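Visitor: Sequence:
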Amino acid sequence: MKIAKVEALSVAMGDGTGWMPTSAFVRITAEDGTVGWGEASPMLGGIASLGVVARDIAPFLEGQEVLDHAVLLDRMMHRLVKLGPEGIATAALAACDIALWDLKGKLLGQPIYKLLGGAWRTRLPCYSSIGGNAARSVDEVVREVARRVEAEQPAAVKIRWDGDRTRCDVDIPGDIAKARAVRELLGPDAVIGFDANNGYSVGGAIRVGRALEDLGYSWFEEPVQHYHVGAMGEVAQRLDITVSAGEQTYTLQALKDLILSGVRMVQPDIVKMGGITGMMQCAALAHAHGVEFVPHQTQPGVGHFANIHVLSTLMHMTKPVELADRWDRGRPVFRNPAEPVDGHFALGDAPGLGIVVDEDELASRATEITVGRDQRPPAGGQY
Numbered sequence: 125m126k127i128a129k130v131e132a133l134s135v136a137m138g139d140g141t142g143w144m145p146t147s148a149f150v151r152i153t154a155e156d157g158t159v160g161w162g163e164a165s166p167m168l169g170g171i172a173s174l175g176v177v178a179r180d181i182a183p184f185l186e187g188q189e190v191l192d193h194a195v196l197l198d199r200m201m202h203r204l205v206k207l208g209p210e211g212i213a214t215a216a217l218a219a220c221d222i223a224l225w226d227l228k229g230k231l232l233g234q235p236i237y238k239l240l241g242g243a244w245r246t247r248l249p250c251y252s253s254i255g256g257n258a259a260r261s262v263d264e265v266v267r268e269v270a271r272r273v274e275a276e277q278p279a280a281v282k283i284r285w286d287g288d289r290t291r292c293d294v295d296i297p298g299d300i301a302k303a304r305a306v307r308e309l310l311g312p313d314a315v316i317g318f319d320a321n322n323g324y325s326v327g328g329a330i331r332v333g334r335a336l337e338d339l340g341y342s343w344f345e346e347p348v349q350h351y352h353v354g355a356m357g358e359v360a361q362r363l364d365i366t367v368s369a370g371e372q373t374y375t376l377q378a379l380k381d382l383i384l385s386g387v388r389m390v391q392p393d394i395v396k397m398g399g400i401t402g403m404m405q406c407a408a409l410a411h412a413h414g415v416e417f418v419p420h421q422t423q424p425g426v427g428h429f430a431n432i433h434v435l436s437t438l439m440h441m442t443k444p445v446e447l448a449d450r451w452d453r454g455r456p457v458f459r460n461p462a463e464p465v466d467g468h469f470a471l472g473d474a475p476g477l478g479i480v481v482d483e484d485e486l487a488s489r490a491t492e493i494t495v496g497r498d499q500r501p502p503a504g505g506q507y
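Reminder that position 291 of the sequence shown reads as 415 in the working numbering, one-by-one numbering, no gaps.
Check each hint, because a few of them may be wrong.
What the hints assert, rightly or not - Straight-line distance between alpha carbons at most 27 Å, and here's what the computed DSSO-like set of lysine-lysine pairs gives:
#1 K206 - K380
#2 K126 - K238
#3 K129 - K206
The hints are simulated quantities; they were obtained by calculation from the structure and are not laboratory data.
Note that the structure is a prediction, hence the values are computed from the model and not measured.
All chains, full assembly: derive it from the sequences and hints.
Guide: As structure tokens, then:
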């Protein structure tokens with residue numbers, strides 16, 4: 125079965141406002157009309173990655189065999205290597221990988237987790253990932269955490285800072301006070317994570333990390349800038365609390381460097397690097413090194429379904445699945461939106477990803493990205 129068409133779509137989600145008003149989808153159609161859906165990282169709108177799909181990847185994939193997709197995407201990775209390739213190119217490839225897995229599952233009549241070797245579980249607990257806390261007072265943080273916990277009934281909670289990444293150690297006493305207030309709210313047995321969003325120096329991270337240890341927090345996410353791999357490892361090795369990182373890591377080799385630095389919980393994102401194929405490789409790498417594999421994932425549609433298919437296949441799932449802010453963004457476009465029930469996400473046995481798209485709603489919200497279509501290189505061209 126050959127690939128007939130590859131489309132890059134920018135889609136307005138939810139009410140089109142807030143911290144992430146659009147999603148970046150890829151639709152791949154086989155010659156028999158079967159459709160596979162993929163998703164790229166929507167950071168800064170995802171337009172750059174969609175442009176790479178439209179100009180560079182689509183002409184190469186169209187006319188190729190669907191079931192050759194691992195070879196095809198490895199070839200494209202190396203054709204795009206001079207873009208970095210970290211970030212824009214890897215997100216574009218991730219979207220295509222997810223779409224081809226979805227397509228393959230539909231053609232073979234199997235859910236993706238079956239094609240990956242089977243599921244250890246098809247009901248997965250979630251954790252509430254609560255952002256924006258750098259700008260909130262202690263009381264506001266407590267109110268927001270209480271609201272989310274009541275609504276979602278999560279197995280765990282993560283409080284995120286989402287602060288100014290150009291500044292370090294802005295309000296360490298205030299950050300510790302917020303962490304303490306959340307512990308008091310949720311009680312001594314609650315599983316809680318703290319995501320610094322790269323907000324501290326090494327010294328600041330050690331100070332906050334020691335406080336989190338005393339408060340019984342379970343993990344400390346991205347305490348320093350992600351590009352300071354050695355510093356991230358130093359913090360991880362000097363603290364007892366589990367230090368996690370990896371949502372801004374875009375290749376398997378870079379994830380290996382993070383692990384070798386001393387990080388013991390890795391969090392690559394399925395729509396930023398590798399797609400389903402890449403996440404399975406990351407899971408194997410983490411397992412080989414004895415570190416926890418807990419993917420970052422904040423998208424309520426295609427990316428979420430792809431992520432839980434992967435997580436269902438893991439023997440050792442040590443943390444719940446991320447449930448981020450504004451999860452309701454997926455409702456208008458998907459007829460079976462990914463919503464937790466009693467604090468859990470469920471996987472069905474529908475072929476492929478198992479998502480059902482409202483085509484009329486999608487058409488009213490989607491803009492096809494055709495950047496550089498008239499300047500596309502030939503499918504066999506070199507760079």
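Visitor: A separate judgement is required for each hint: does it hold in the structure or not?
Guide: Against the structure, the hints:
no. : hint        : result
1   : K206 - K380 : holds, 21 Å
2   : K126 - K238 : holds, 22 Å
3   : K129 - K206 : holds, 25 Å
Checked against the numbered hints above, the structure violates none of them.
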